[in-house]
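Given the sequences, and given the hints that come with them, work out the whole structure.
In the order they appear, the protein sequences are chains A and B.
Sequential numbering from 1 applies to the first sequence in the working numbering.
Sequential numbering from 1 applies to the second sequence in the working numbering.
Honestly, the hints are just simulated from the structure, not real lab data.
Only a predicted model underlies this, so the values are computations on that prediction, with no experimental measurement involved.
Glycine included, every Cβ here is placed at the ideal spot set by N, Cα and C.
Keep in mind that a hint or two might mislead.
Covered stretches of chain B, going by a simulated chain A footprint (3 or more residues, C-beta under 8 Å) [to be verified]:
id: 1; stretch: 109 to 120
id: 2; stretch: 123 to 136
id: 3; stretch: 204 to 211
id: 4; stretch: 214 to 223
id: 5; stretch: 226 to 235
Facing chain B, from chain A, some residues (calculated, C-beta under 8 Å) [claimed, not checked]:
id: 6; residue: T15
id: 7; residue: I153
id: 8; residue: M155
id: 9; residue: P258
id: 10; residue: G262
id: 11; residue: A300
So these bits of chain A aren't anywhere near chain B, every CB distance computed over 10 Å [to be verified]:
id: 12; residue: A75
id: 13; residue: A107
id: 14; residue: G169
id: 15; residue: F181
id: 16; residue: L196
id: 17; residue: I223
id: 18; residue: L231
id: 19; residue: A235
id: 20; residue: L247
id: 21; residue: A310
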Amino acid sequence: MLRYLLKRLAILVPTFIGITIVCFAVIHLAPGEPTSMQAELNPKITPEAIEQLKRHYGLDQPVHIRYLVWVKNLAKLDFGTSISADARPVWDKIKERLPITISINVASMIIIFLVSIPLGVISAVRRGSLLDRSITVFVFIGFSVPGFWLALICMDFLGVRLMWLPISGIHSQGYEHLGPFARALDLARHLALPVLISAFGSLAGMSRYMRSSMLEIIRQDYILTARAKGLSERAVIYRHAMRNALLPVITILGLSVPGLIGGSVIFESIFSIPGLGKLFYDGIMMRDYNLIMGSLTIGAVLTLLGNLIADIAYSVADPRIRAS
Amino acid sequence: MGFWSRFFRDRLAVGGLVIVLALFLISALTPFIAPYDPSAIDVDNILASPSAGHLFGTDELGRDVFTRMLYGAGISLKVGFVAVGIATLIGVLLGAVSGYYGGWVDMVIMRFVDIMLCFPSFFLILAVIAFLEPSIFNIMAVIGLTSWMGITRLVRAEFLSLKERDFVLAEKAMGASAPRIIFLHILPNAMAPVLVSATLGVASAVLVESALSFLGIGVQPPTPSWGNILTQGQSTLGVAWWLSFYPGMAILITVLGYNLLGEGIRDAIDPRLRG
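Right, here's the structure in full:
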């Protein structure tokens, strides 16, 4: 197990270096500079002042030097300061936004897991039934529905028309004066729509995956054996089949991390949630170099961690993986 | 049973094909069937609700939403196909080289694929587009450049198994050049899964384009796109439901069409893979 873990960690290093190179290349090879944004906003700015700004942000250095400086600072979690008016360190800004984004994504994943597994199992066990076909239709629609549109429709219906749920931010006004229970309830009400809607997209794919994984397992000899020795159908399905069918799903859950994090840009913008996604979006609008690079790197690192956790969980659950 | 008879027995797949063909037809005929000019402003009819004159109502400048959505169909089709074309081209080339040659070339390419897969693709796309000045061309290019990894893996896997087959070994023995073997002999046999993946890819490219346009960094107004009509829908939430409802349905149906078609082709190619 330890050897497997070390091997897995060793692969992380080159991948991480690759990530930093891609991040850096993308942003620095693209035309358009932060100074041009500031220049656009201020028509009276002189060419000398632009030069001075460039020097201030280190933009007068050659690209590879800037990369090395950036990586060196990265090791200290120093992503530089934001170009926006508050000029705060990028890491501070990201740090305060991370918990909310991570909580939303973890909550979404739990919901995805809790809903898609039973759906997949049921449609595999009752393959071809009306229920299976209805779930298939639901899955196709889930695949195809644009999440941001679903968000808009829910906001319009549940938020604006029925006024059941708040549609923006994470706290109501006067949140500070609420008791602890009321606070939790307030937060839950604000996060209900974003969490459910961001879970919805992956739900479809996951239950489809669980279904085919289940169908694959049911054909195996050991299921036949289990049935032959007279186990109840319940025991066969839930104890023998489902456990094995769950294994590949762990990996897929890990693979869905980048999608969830990417989606947080959209959902956090729509619902005005002060998370990493919203920070990133605002940074892009301002062409805040350091902030964008910081968020992009952190996004990739979160993905990397998600995959690592999935891999480890998989190897704990399935000894064959460790052996190979 | 052949491919087509299997395909046409699958009702969902045929439904997908009908949707996709209908979209092509709509895009080709838009200038002839659109009832209005897509950018004709009508100050007397601002945010008019759907009626016989304006099937899907009008927007905050009094422009006909139905007309703008017809034009939007063409845009999403164009973005979808060009983006997937770029992704497929890159994916096939890298996958073929990786699978055929193996060794360190394979290792480098696969490592690069792993790295690219670590990026939340929407983050990467947003970052690049924000620096590039949003335009239809840039969107197509960036979506294409960030979505080739799946096809690369697919083509590589096909090549790994096909290159050991007798017909390839025979070609090699006869002294055929590597490009000849790759493109003339192996690739045609590896195209089926690529076709499936490309069809499903159009679906996700359409979704990404609409999301980008919705966020204001995709297709720029006044050019109509389903995504940027939805942006107006958000700002008129609770006032003009037709600005959010219809474009969203259009995206949903389009994406559904490509997904059904793609899965239908997959099942018809290889019934054993059927879920």
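Evaluated hints:
1. Check on the stretch 109 to 120 of chain B: 9 of its residues sit with their Cβ under 8 Å from a Cβ of chain A, so the three-residue criterion for coverage holds.
2. Chain A is given as covering the stretch 123 to 136 of chain B, and this holds because 9 residues of the stretch bring a CB closer than 8 Å to a CB of that chain, at least three being needed.
3. For the stretch 204 to 211 of chain B, the stated coverage by chain A is satisfied: 3 residues place a CB nearer than 8 Å to a CB of that chain, which reaches the threshold of 3.
4. With 3 residues having a Cβ less than 8 Å from any Cβ of chain A, the stretch 214 to 223 of chain B passes the three-residue criterion, so the hint holds.
5. For the stretch 226 to 235 of chain B, the stated coverage by chain A holds: 3 residues have a C-beta nearer than 8 Å to a C-beta of that chain, and at least 3 were required.
6. At a threshold of 8 Å, the smallest CB-CB gap from T15(A) to chain B is about 6 Å, leaving the interface hint in force.
7. Checking I153(A) against chain B: minimum C-beta separation of about 7 Å stays under 8 Å; hint holds.
8. The interface hint given for M155(A) is met, as the beta carbon of that residue sits about 6 Å from the closest beta carbon of chain B, less than 8 Å.
9. With a cut of 8 Å, the hint placing P258(A) at the interface with chain B holds, because the nearest CB-to-CB distance is about 4 Å.
10. This hint holds: G262(A) has a C-beta 3 Å from the nearest C-beta of chain B, less than the 8 Å allowed.
11. Among the interface hints, the one on A300(A) holds; its C-beta lies about 5 Å from the nearest C-beta in chain B, closer than the 8 Å criterion.
12. Every Cβ of chain B is farther than 10 Å from the Cβ of A75(A); the closest lies at roughly 19 Å, confirming the non-interface assignment.
13. Against the 10 Å criterion, A107(A) stays outside the reach of chain B, whose nearest CB is about 18 Å from its own CB.
14. At roughly 15 Å, the least C-beta separation between G169(A) and chain B is larger than 10 Å, which holds for a residue marked as non-interface.
15. Every beta carbon of chain B lies more than 10 Å from that of F181(A), the smallest distance being close to 31 Å; the non-interface claim holds.
16. Listed as a non-interface residue, L196(A) keeps its Cβ farther than 10 Å from every Cβ of chain B; the least gap is roughly 17 Å.
17. Once the 10 Å rule is applied to beta carbons, I223(A) is consistent with being away from chain B; the minimum gap is 18 Å.
18. Look at L231(A): its CB is around 26 Å from the nearest CB on chain B, clear of 10 Å, so calling it non-interface holds up.
19. At the 10 Å boundary, the C-beta of A235(A) stays outside the reach of chain B, the nearest C-beta of that chain being 25 Å off.
20. Listed as a non-interface residue, L247(A) keeps its Cβ farther than 10 Å from every Cβ of chain B; the least gap is roughly 18 Å.
21. At roughly 13 Å from the closest C-beta of chain B, the C-beta of A310(A) stays outside 10 Å, upholding its exclusion from the interface.
Consistency with the previously given hints is maintained throughout, with no hint failing.
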